[in-house]
Amino acid sequence: MDINSTQQIEESTQAQGNFVEIKDGAKVRLRIVSGIKGVKEHNIDIKGKRRAIICPVEMDLWEAAFEDRPVNKGIKCPVCERGQKDDRKITTQFLAITVDSEGKVGVLKKGASVFKPIASLIEEGYTLSERAVVIERKGTGLETEYSVIASMKDQPLSDEEKVAVEEFKKDYDLDQRSQPMSYDNIVRKMNGEDPVFDDEKGDDKQMPF
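Counting from 299, one number per residue, gives the positions in the sequence shown under the numbering used here.
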């Protein structure tokens with residue numbers, strides 16, 4: 299789901315690989331080089347590891363509310379159907395592609411405490427691909443707090459960074475990765491199997507991982 303305002307973040311929040319890591323006490327400078335996407339996801343145990351699965355039902359409910367349309371009652375989620383209380387819990391996360399101060403491209407995936415101030419800076423007119431946000435983390439677990447401010451100086455992307463961003467986007471499609479997988483692929487993932495996309499039919503939404 300596209301995120302365009304602080305109101306959306308406010309109302310929606312009543313495997314590391316590509317993801318930006320911010321450790322306790324650390325401070326990072328990131329330029330945002332994509333739009334912001336929002337996901338409603340389960341976080342379940344799969345073969346001893348915690349894995350996120352975007353919930354098709356909660357995503358449709360969320361999008362229907364903002365699009366002022368009826369809910370698609372035909373959409374189902376195997377995680378919700380499984381009946382395990384902890385698995386059915388939903389968290390709201392936001393994602394954007396970023397470039398750090400060393401030119402490394404990655405994905406910032408955090409909750410509203412990080413992305414609400416980022417959305418506010420965009421609303422104030424900051425171009426965050428040229429003016430970095432400085433994110434500082436303090437604490438761990440439920441005691442984690444983040445502060446987010448705009449840096450004092452512009453830092454436009456270099457030609458090398460622009461190329462790196464385009465190469466990253468070829469392998470990491472943010473639009474697709476913020477959509478639920480089909481029902482069958484969610485079942486496969488829950489079973490520890492790889493998703494299969496070449497046999498998907500109809501209007502199933504797909505997510506390439």
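Treat the hints as calculated values from the structure; they're not laboratory data. These numbers were taken from a predicted model, which means no experiment stands behind them. Just so you know, not all the hints are guaranteed correct.
[Unchecked claim] DSS-like cross-link-like pairs, simulated, lysine-lysine; straight-line CA separation at most 30 Å:
hint : residue 1 : residue 2
1    : Lys335    : Lys383
2    : Lys325    : Lys347
3    : Lys371    : Lys402
4    : Lys407    : Lys468
5    : Lys335    : Lys387
6    : Lys402    : Lys460
7    : Lys335    : Lys467
8    : Lys402    : Lys335
9    : Lys468    : Lys436
10   : Lys325    : Lys407
11   : Lys383    : Lys402
12   : Lys436    : Lys325
13   : Lys414    : Lys345
14   : Lys414    : Lys402
15   : Lys402    : Lys387
16   : Lys335    : Lys468
17   : Lys383    : Lys460
18   : Lys436    : Lys407
19   : Lys460    : Lys347
20   : Lys321    : Lys371
21   : Lys408    : Lys335
22   : Lys407    : Lys335
23   : Lys371    : Lys387
Hint by hint, which ones does this structure get wrong, listed from lowest number up?
-> 3, 9, 11, 13, 15, 17, 19 and 20
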